[in-house]
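Chain by chain, the residues:
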Amino acid sequence: MSESSVILNHSAIQRALTRIAHEIAERNDAAAEVVLIGIQEGGVPLAERLAGILGNIWNQPVPVGQLDVGMHRDDLDQRIAPKIHPTLIPFDVTGRTVVLVDDVLFKGRTIRAAMDALNDFGRPTRIQLAVLIDRGHRELPIKADFVGKNVPTSHTENVRVRLSEGGMEDEVVLEKRP
Amino acid sequence: MSWHRKHLLDIESLSAEEILTVLDTAKAFKAVGERAIKKVPALRGRTVVNLFVEPSTRTRISFELSEQRLSADIINFTAEASSLKKGETLKDTAKNLEALNADFIVIRHSAAGAPHFLARVLNAHVINAGDGAHEHPTQALLDVFTIRERKGNIEGLNVTILGDILFSRVARSDVWALTKLGAKVTLCGPATLVPKTFEQMGCRVTHNVDEAIRDADIINLLRIQHERQRKTMFPSLNEYVTLFGLNKTRLAKTKPDALIMHPGPINRGVEIDSDIADSDRSLILEQVTNGIAVRMAVLFLVNGGKGPQEIAAT
Numbered sequence: 004m005s006e007s008s009v010i011l012n013h014s015a016i017q018r019a020l021t022r023i024a025h026e027i028a029e030r031n032d033a034a035a036e037v038v039l040i041g042i043q044e045g046g047v048p049l050a051e052r053l054a055g056i057l058g059n060i061w062n063q064p065v066p067v068g069q070l071d072v073g074m075h076r077d078d079l080d081q082r083i084a085p086k087i088h089p090t091l092i093p094f095d096v097t098g099r100t101v102v103l104v105d106d107v108l109f110k111g112r113t114i115r116a117a118m119d120a121l122n123d124f125g126r127p128t129r130i131q132l133a134v135l136i137d138r139g140h141r142e143l144p145i146k147a148d149f150v151g152k153n154v155p156t157s158h159t160e161n162v163r164v165r166l167s168e169g170g171m172e173d174e175v176v177l178e179k180r181p
Numbered sequence: 016m017s018w019h020r021k022h023l024l025d026i027e028s029l030s031a032e033e034i035l036t037v038l039d040t041a042k043a044f045k046a047v048g049e050r051a052i053k054k055v056p057a058l059r060g061r062t063v064v065n066l067f068v069e070p071s072t073r074t075r076i077s078f079e080l081s082e083q084r085l086s087a088d089i090i091n092f093t094a095e096a097s098s099l100k101k102g103e104t105l106k107d108t109a110k111n112l113e114a115l116n117a118d119f120i121v122i123r124h125s126a127a128g129a130p131h132f133l134a135r136v137l138n139a140h141v142i143n144a145g146d147g148a149h150e151h152p153t154q155a156l157l158d159v160f161t162i163r164e165r166k167g168n169i170e171g172l173n174v175t176i177l178g179d180i181l182f183s184r185v186a187r188s189d190v191w192a193l194t195k196l197g198a199k200v201t202l203c204g205p206a207t208l209v210p211k212t213f214e215q216m217g218c219r220v221t222h223n224v225d226e227a228i229r230d231a232d233i234i235n236l237l238r239i240q241h242e243r244q245r246k247t248m249f250p251s252l253n254e255y256v257t258l259f260g261l262n263k264t265r266l267a268k269t270k271p272d273a274l275i276m277h278p279g280p281i282n283r284g285v286e287i288d289s290d291i292a293d294s295d296r297s298l299i300l301e302q303v304t305n306g307i308a309v310r311m312a313v314l315f316l317v318n319g320g321k322g323p324q325e326i327a328a329t
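Chains as they are written, first to last, in the working numbering: chain X, 4 to 181; chain E, 16 to 329.
One chain only, chain E, in its complex shape (with noise of 0.2 Å):
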């Protein structure tokens, strides 16, 4: 058990232990948010700047929330309202954060690498909330999290991944992390979505979505992301639904212990069929919960990180 990194940026640099460590701590923290005083004073007298420049609404409140119950003071900081706007480059923009004493800057960037960079340039924390299509740590520590609670363990585990995996940094942090952990991952969805050059991080691809569900334990749907594809990858929605999307039909033909996921917002009748977003297996909003929880164990354990171990590493 340890932790000694400054930053997160990606979980493709971490090991299985270092993904363990913050499951465990993880839980500790999330046993925090059960009580009647929701708050610990880990972070107290520390700054911490939520800097969106590209728009999110689920994963900074969850990340504000995080940083409130650690008793930390923070600042939101997001693209519309800023100096972003005027001209002012990215780095810029971190150093006169810095000079404002922040000592954790969260990044969600439209850019791949914009934390990475962060990292090198400021002596902050710096924690990636989603590079553009490049990764998206933080939830796949959250997914890992609640297939370990509810499945006990990942080892052995057949997830599937289901939809547009092409666009999806969430889906590339999930690969990362279930595979280290030692679960066999599939890789479904239309051709053009789900390329097989996915096959080179350890994965397993096919475009047959009864086959690719049949044997799973957890079932991770992904929303096609309209907003990141500059031309149409598939001929329409509704061939998509039919030929992809989680219906009763299709699930009733999995195992029964299956268990739905989906990291939200979730699109109901496109990728997932309503009643099921909303059945009991739906791990869906443990998913929203757990997420807390892992950001919480995710700042603890980088303010005790000092080294530039990080950087060297990218």
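Here chain X stands alone, though its shape is the one from the complex (with noise of 0.2 Å):
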């Protein structure tokens, strides 16, 4: 049996997303060319509850759209090949801000693969990265711009989100491998 315990509650975790979607609001005046795209699958409840908050500020909708990126692991050689979740990307990346969204950013392989395969939908005219926790531990030189929780872990803890549906039970969990 591991230990865990929370890191984030659900209202902790409500305050962290309300947090970045005015900072990205903040960094993005032309709010019309921005779009967010969560990652799968962790990354997409959170893309569309960011949306919704966003959406709120700008008075405008803003396009959702979520990305798989296990055609484009580099360890594709080294493992299990990993379940493929839908990717949909109802609109044009091209000219557009997009943000990627993920719930924990950790050694920052996932990220370049993203990049590389948001790469066949277009040319955006800037891609940003929002994350709920910065886990630490990158072994590539990438960084977020919107974080929700910087969380130092060491490589045997694994950080867990869970999320609900509503809301009221999400959390954030760090768990201990013992």
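Do not rely on the hints blindly, as some may be mistaken.
[To be verified] Simulated restraints on C-beta separations: (1) X:A35 <-> E:P271: 44 to 50 Å; (2) E:D295 <-> X:A35: 39 to 45 Å; (3) E:P250 <-> X:R82: 28 to 34 Å; (4) X:R126 <-> E:T304: 24 to 30 Å; (5) X:G139 <-> E:A126: 55 to 61 Å; (6) E:N223 <-> X:N122: 53 to 59 Å; (7) X:D77 <-> E:D88: 15 to 21 Å.
[Unchecked claim] Here are the simulated BS3-like cross-link-like pairs (lysine-lysine), alpha carbons at most 27 Å apart as the crow flies: (8) X:K146 <-> X:K110; (9) E:K54 <-> X:K110; (10) X:K86 <-> E:K53.
Think of the hints as simulated: they come from the structure by calculation, not from any bench.
Idealized CB from N, CA, C, for every residue including glycine.
Could you use the hints to bring the two separately framed chains together as a complex?
Structure (structure tokens):
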């Protein structure tokens, strides 16, 4: 049985997302150009929630897409084939500001794969990165533009983001492996 | 959801869960084929040899395109232009290909079990693209993918396979895949080509075509394979057309939403009426499109399977 502790509860998650949304709005004054793309699968519900908050700030709907990076990973020769989730980008990314959204930023390899995968859909004007948790241990020169919470971790720990329908039972948990 | 196999040798040894894993993965690869850029880097730097000892056009082209869309490097090897004609054994040919650092061997061979043999003697991933009258696993996977896409689910569907069952590797693989996923399969054709022994595979055998197609949700037609028949199995082609060919009169007596499939190449006017092949109830060309997605999924999944468990199972 592994130990675990709650790092963020549901109201802390909500506050973090609200702050990230305001930071995105502050950084990007051309609201019409911003689209959110959640990385499968943890980033998808976060992107949808962020789009809801941003839509209220800007008084206009913010397009949301979802991107699976499994076919673009750099470790496909070293692992069991990953489960592939749907990629749905129902708008043109060329000329837009794409905010990639993920739950946990760790080694940075998923984000590299995401930028590679996004390339096949067009040429965004710029790509920004929003994550709920940055747990450190980067293996690539990648940095998030918007961070919900920085959490120092060790390699033997797991960060698990659990989102519930309606949001009341949301939590982020740090698990220690024995 | 899991796939741990290093090879795809047959459908018989797969579980329903493994088949569904291929179908789910293929769905994502089908979406790749619909984009402006139809290519992903999943097999970048990997080498695939298409070892087609028995002639094939559509399966080879489908595999080639799938491999290209996964960014693999490809060598095409056909029997007519190869050292197999000079007396080299299959094992030596394959060992030589592996010495070129081939990572995958896609094999089509007239001998049943040839892919299983290669899987035992090589380190490369082996994919069966049709072995004799034994199995054609990727065809069955694309067939069930196409049915699931159109009907939503396989379980409980009535699927009738009509034609030359005896010599058909497609029929064998289809029966395994469909029954594992819960379809009720009926086999129909001349008694000489559809022996009752097929009932051991968990399907129904009948020689009355009107009865076989009456309640069918899917009618899968198979070509009469002249090349595999050592003696004539029915009196004449005309008699086959009269007794078993799918024509408008027969089709009118089926369910209005019954769909028609055929692995190709079709013989217009023999197993299928020309108009029916071109009608909106025909899934023949969708099967071709889906074949690429399914083969991409298979290559992608076996690339991740590293264990020798598959070999032990055969």
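For this session: Would you list, in rising numerical order, the hints stated earlier that this structure does not obey?
Result: Per hint list: single violation, 3.
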